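There are 2 protein chains.
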Amino acid sequence: MIRYPMLTRRLFSAAVLAGATVSARAQTGSDPLPSWKDRAAKDAILKFVRDTTDQSSPNFVPPAERIAEFDQDGTLWVEHPLYTQVVFCLDHVPALVKEKPELGQREPFKAVLSGSRDAIAHLSMREIFEIVLATQSGMTVEAFQDEVGKWLATAKHPRWNRAYTDLAYQPMLEVLQHFRANGYRTFIATGGSAGFVREYADKVYGIPPEQVCGTEQAFRYGYDKDHRPILTREPRLILNNLGAGKLENFWLLYGRRPYAAFGNSSSDDQQMLEYVKAGSGLRLSAVVLHDDAEREYAYGPAQGLPDTTVGTFGQAMYDVAMKQGWVIISMKNDWTRLFPFDA
Amino acid sequence: MIRYPMLTRRLFSAAVLAGATVSARAQTGSDPLPSWKDRAAKDAILKFVRDTTDQSSPNFVPPAERIAEFDQDGTLWVEHPLYTQVVFCLDHVPALVKEKPELGQREPFKAVLSGSRDAIAHLSMREIFEIVLATQSGMTVEAFQDEVGKWLATAKHPRWNRAYTDLAYQPMLEVLQHFRANGYRTFIATGGSAGFVREYADKVYGIPPEQVCGTEQAFRYGYDKDHRPILTREPRLILNNLGAGKLENFWLLYGRRPYAAFGNSSSDDQQMLEYVKAGSGLRLSAVVLHDDAEREYAYGPAQGLPDTTVGTFGQAMYDVAMKQGWVIISMKNDWTRLFPFDA
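Protein chains in written order, with the working numbering: chain L, 1 to 343; chain E, 1 to 343.
Simulated from the structure, these hints should not be mistaken for laboratory data.
Treat the hints with caution; some may be incorrect.
The list makes no distinction among identical chains, and a pair is therefore deemed to hold if it is satisfied within one copy or across any two copies.
To be verified - With a straight-line Cα cutoff of 27 angstroms, these simulated DSS-like cross-link-like pairs (lysine-lysine) come out:
no., residue 1, residue 2
1, K225, K323
2, K225, K47
3, K277, K37
4, K225, K277
5, K332, K37
6, K332, K225
7, K150, K47
8, K100, K110
9, K203, K98
Being a predicted model, the structure only gives us computed values, none of them experimental.
Please put together the full structure from these sequences, using the hints given.
In structure tokens form, the structure reads like this:
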């Protein structure tokens, strides 16, 4: 663990001046980012928080404006080999087909039922949306919440054989906490379904459901057989957070440009990162580079994948990031510890 | 001013037990709702907050779940003779027609330009939406914010000759504060445009922009002539908060059923009020009855308006409210003071 006594002391003073809630960790003067190596990325994050919460700084941001946005998959937790929510939906295809046997005769459901890893890996985004809408519709919002909760309690990631909710990155949990300890409100903006992520965001990330902006379906108000009012999930997409949609929908939900944004994907984070960085005053745009094949996965610029590969951080975004001064976070070189369960 | 020493003391204890932030007012033991008469409505609100924040109560609600929803027009501030945001849009029609002269030749813009009060009063909801979309589109989100700010600083309500933002109901401001002092997060769900209400919600109600759920248009990501990324307001409705839409979109944005809801309109609040009241545990649904022709306006059950009149609280909802045990708030009989500027 690396310590920065000077820096932490200044940080603590800034937080007190700003009237922010100061965590026990900050109060003891210890390092707020203990799982980060003493390199440029850590320095840049600490400096940004310090500068924007120090009332004597020209970059001071009033508490009401302190909003930080975080992508989830690949930024806050593992996204390989499949997005967790996609695994949830795939796992629910057999029950769906039992209920509606005609679906089993056609794609993409047939491919899912075949269990072929290769076929599943090659599902298009359109096909994935079809599966998502089919498996996450027709039930009340409470029935869906129960189902997500049950699945999360039992499903395990194939590589680590652990619950998916164990696979949040410890260094990013520290960043979330550090922002909040300095008066920032932290938000998730995800391509995944808001209703899925909201079921664990508070427990895993300390982010309440109302601060999760996701892709989402329509809801329909109606009555059950006992004439009790209910809300039902409908198979109709209202918010699509892919591409520029993530940024557009973030404004739709919250009406603010964040001061800081963390992402990892060329396809779905680049617009948000560019927009945040282009705001007035000091802004932070940061990208997680998956370059750690040993402890996690390696994909992105170093691996020569095309920029259009969903969820990857391609060379073109890397070039923009370098040009605009985004913070590049190397999993391999910046993080001493990956998961909370790591020693 | 009426005081409840016993009740306030119990309330204070409950708040401390719950670990909630306690306002200076609560700490001094004074009445948290000083503009309310000692009648059933006040008692019911105080009892609800006390019961749901007292850890020894079977109706205790954990802090994370404490969400209270408030309609705006007619519930938090004056909605007659026209919704404030509609006045904003009507005031912008001349500039719009100057820019696009062809609009001046056709309805509903022709009616607006005529200045006829009668014609304007008879605009249909579809025509109002057309005017809203036409006047609130094509500019960047920042240009729109500036325009709203400028208008609010100068526009005056015709009856009181005061800024619209002065016309929030003092008793409801006390309710908002009382809920927040007891660990509730307060949200606005409005038929008005989210982007309009967000410009003053924090200043007027203490509600941050991200806790305002409104009707809203689409946003489009793009670049300006200097290749700086921008978000532009588009003339396409994404969220329509009228009718059941208010409840459906509240779930879409926040993924929670509120524990308390305040409204006043048969057309746009009834679904939310029914849904909230039908939740598990103790829930509060409350309606503001506009029965004070002298100090404000009188409309609703006592005035014999049809239930379908937009924005009114009709007889049918009144009957449901009585049957389901909603709290009925009579402006005339429950409120000692109407506006913050009243003596």
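These are the hints, each one checked on the structure:
1. When the C-alpha separation of K225 and K323 is checked against a cutoff of 27 angstroms, the pair qualifies only between copies, where the shortest distance is 19 angstroms, while the shortest distance within a copy is 60 angstroms.
2. For a Cα distance limit of 27 angstroms, the shortest separation of K225 from K47 qualifies neither inside one copy, at 58 angstroms, nor across copies, at 32 angstroms.
3. With identical chains, the CA atoms of K277 and K37 are at most 27 angstroms apart within one copy only, with a shortest distance of 24 angstroms there and 52 angstroms across copies.
4. Within a single copy, K225 and K277 get their C-alpha atoms only as close as 52 angstroms, which misses the 27 angstroms cut-off; across copies the closest is 17 angstroms, which meets it.
5. Proximity of K332 to K37 under the C-alpha cut-off of 27 angstroms is restricted to the intra-copy arrangement: shortest distance 10 angstroms within a copy versus 65 angstroms between copies.
6. In this homomeric assembly, K332 and K225 never come within 27 angstroms of each other (Cα to Cα): the closest approach is 56 angstroms inside a single copy and 39 angstroms across copies.
7. In this assembly of identical chains, K150 and K47 lie within 27 angstroms of each other by CA distance neither inside one copy nor across copies; the values are 41 angstroms within and 35 angstroms between.
8. Proximity of K100 and K110 under a CA criterion of 27 angstroms is satisfied intra-copy only: 13 angstroms inside one chain copy versus 54 angstroms between copies.
9. In this homomeric assembly, K203 and K98 never come within 27 angstroms of each other (Cα to Cα): the closest approach is 33 angstroms inside a single copy and 54 angstroms across copies.
Hints 2, 6, 7, 9, counting from the list given before, are not met by this structure.
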